[in-house]
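K.L.:
The sequence shown maps to residues 12 to 451 in my numbering.
If you are wondering where the hints come from, they were derived from the structure by calculation, not from laboratory data. For each residue, glycine too, the CB sits at the ideal point set by N, CA and C. Be careful, since some hints might not be right.
[Unchecked claim] List of simulated lysine-lysine pairs, DSS-like, C-alpha gap at most 25 Å: (1) Lys-434 with Lys-383; (2) Lys-254 with Lys-141; (3) Lys-383 with Lys-405; (4) Lys-69 with Lys-99; (5) Lys-277 with Lys-287; (6) Lys-292 with Lys-254; (7) Lys-292 with Lys-257; (8) Lys-224 with Lys-36; (9) Lys-69 with Lys-51.
[Stated by the list, open to error] Now the in silico label distances, taken between C-beta atoms and shown as ranges: (10) Asp-30 with Ala-275: 24 to 32 Å; (11) Lys-348 with Glu-266: 21 to 29 Å; (12) Pro-285 with Gln-388: 52 to 60 Å; (13) Glu-219 with Val-279: 54 to 62 Å; (14) Thr-202 with Asp-30: 33 to 41 Å; (15) Leu-134 with Arg-420: 56 to 64 Å; (16) Arg-20 with Glu-219: 39 to 47 Å; (17) Glu-365 with Thr-323: 55 to 63 Å; (18) Pro-285 with Glu-374: 41 to 49 Å; (19) Glu-392 with Asp-185: 48 to 56 Å; (20) Ile-314 with Glu-266: 43 to 51 Å.
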Amino acid sequence: MAVSPLESRYKTEMNALFDEQAKLKSWLEVEVALAYAHAKLGNIPIEAAKEIEQAAGKVELARVEEIEAEIHHDLMAMVRALSEKCRKHGGYVHLGATSYDIEDTAAALTLKRAIQIIRKRLLAAKAILKQHALQRKSLVCVARTHGQHAVPTTYGMKFALWFAEVERHLERLDSAEEAISVGKMSGAAGTMATFQGKGYEIQSIVMESLGLKPDKVTNQVVQRDRHAQVLFALALIACTLEKIAKEIRNLQRTEIMEVAEPFASKQVGSSTMPQKRNPHKCERVCSLARIVRSNLQVALENIPLEHERDLTNSANERFIFAESFIVTDYMLLEMNKILAGLQFFPENIERNLELTSGAIMAERVMIALTEKGMGRQEAHELIRNCSMEAFRDKSKLFDVLLSKPEVARLISKEELASLFQPKNYIGEAVEIVERAVGAE
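Model the full structure from these sequences, guided by the hints.
P.N.:
Shown next as structure tokens:
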């Protein structure tokens with residue numbers, strides 16, 4: 012029975028990259044590359060490298076775990092298990108390497124592959140957001156600042172904003188992938204002493220065969236600022252997903268109800284209140300974002316290891332890499348489903364536009380008065396006082412303004428009425444959306 016929900020409730024295809032079998036496979040992949048590098052330089056017979064490669068396909072996780080239980084060293088357990096499978100050349104396994112030559116290089120392979128999955132999810136999110144942005148570029152709604160009705164905007168603007176953010180995440184992901192796509196073959200303290208003058212050559216050959224770059228300088232480990240950069244990219248993605256989820260949750264409030272996450276025909280919202288349509292999927296995304304962000308703090312604390320390294324990063328990295336990638340992957344999958352099935356309620360969008368009885372058009376009237384010759388500050392104070400009066404008396408701002416001689420002197424009743432049309436005050440919103448996402 013699984014203890015962690017990552018093995019059940021939040022499991023995705025990402026899990027397969029981080030399980031123990033996958034880790035063993037990546038370690039063996041690096042050991043084979045090392046053997047062939049030695050063979051290429053004439054340090055060991057080519058037959059030895061071929062035997063090590065064949066033996067790597069026969070190593071069983073159960074045997075590695077059995078050896079580890081005896082010697083309490085997981086990487087060395089793999090080395091012994093691999094050596095056991097070699098009939099003649101087992102003595103050449105792991106030649107000149109230290110544990111983290113293998114582990115950090117293998118970790119780079121895993122994280123690089125994991126980034127590819129995240130990139131795929133982000134591209135899917137980007138496509139959905141673009142579609143929403145273009146389809147709703149002219150769907151006028153009320154903007155809210157400080158939780159208060161502000162001025163008209165469009166739903167296309169919301170989606171274009173998120174689209175642009177996802178574009179930036181893709182750029183950050185590219186940068187993080189470049190940072191982490193390095194490995195090392197430099198020995199116990201990074202000096203390459205065990206390779207007897209051939210360290211650069213061995214490291215270069217190994218990394219080229221694995222599709223990685225040699226790190227310029229290391230000590231016993233690849234420096235953890237690289238890993239923190241990867242988790243920082245994931246944390247930023249998680250924050251955007253939470254931002255989207257929180258906006259949907261707020262817009263789904265009963266008294267607002269402009270949009271709502273998908274709700275299946277047999278879905279249950281509450282165990283006691285049958286009428287509920289709780290936005291639990293968005294709430295789940297918000298909850299999981301906290302995990303991804305918190306793991307970044309751990310990654311940052313792994314950077315200042317002591318001297319040429321200590322082991323304080325090792326145990327927590329068994330959690331934070333897998334957990335951050337799996338949770339982020341799950342969040343992206345969930346959000347893409349939410350966005351693809353997002354429900355809109357146009358009648359409520361229209362109702363909320365009129366909820367303040369025209370108060371959201373105060374800015375437009377103020378600007379119109381300044382165009383007619385009234386000073387900007389004078390117009391602001393006049394509209395502010397009229398807005399407070401309308402709020403106090405529960406009347407329409409239009410009617411209050413119409414009763415003011417200083418307004419009537421400059422703006423006719425018909426012109427004033429035209430200023431209170433929300434759909435005519437969205438500025439360059441349509442063009443902004445088209446430029447942001449690329450008009451079709």
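K.L.:
Confirm or reject each hint.
P.N.:
Taking the hints in turn, this is what the structure says about them:
1. Lys-434 with Lys-383: With a Cα-Cα distance of about 22 Å, the restraint between Lys-434 and Lys-383 holds, given a limit of 25 Å.
2. Lys-254 with Lys-141: holds, 17 Å
3. Lys-383 with Lys-405: Not satisfied, since the Cα-Cα distance of roughly 28 Å exceeds 25 Å.
4. Lys-69 with Lys-99: holds, 15 Å
5. Lys-277 with Lys-287: holds, 12 Å
6. Lys-292 with Lys-254: holds, 13 Å
7. Lys-292 with Lys-257: Holds, at about 11 Å.
8. Lys-224 with Lys-36: This hinted pair holds, its Cα atoms lying about 20 Å apart.
9. Lys-69 with Lys-51: holds, 24 Å
10. Asp-30 with Ala-275: 24 to 32 Å: Given a distance of about 31 Å, which is inside 24 to 32 Å, the answer is holds.
11. Lys-348 with Glu-266: 21 to 29 Å: With a Cβ separation near 26 Å, Lys-348 and Glu-266 satisfy 21 to 29 Å, so the hint holds.
12. Pro-285 with Gln-388: 52 to 60 Å: Distance hint for Pro-285, Gln-388 holds at roughly 55 Å.
13. Glu-219 with Val-279: 54 to 62 Å: With Cβ atoms ~55 Å apart, the hint holds.
14. Thr-202 with Asp-30: 33 to 41 Å: The hint (33 to 41 Å, Cβ to Cβ) holds, given that Thr-202 and Asp-30 are roughly 34 Å apart.
15. Leu-134 with Arg-420: 56 to 64 Å: holds, 57 Å
16. Arg-20 with Glu-219: 39 to 47 Å: holds, 41 Å
17. Glu-365 with Thr-323: 55 to 63 Å: holds, 60 Å
18. Pro-285 with Glu-374: 41 to 49 Å: holds, 43 Å
19. Glu-392 with Asp-185: 48 to 56 Å: At roughly 51 Å between Cβ atoms, Asp-185 and Glu-392 fall inside 48 to 56 Å, so the hint holds.
20. Ile-314 with Glu-266: 43 to 51 Å: holds, 47 Å
When the structure is compared with the earlier hints, a violation turns up for hint 3 alone.
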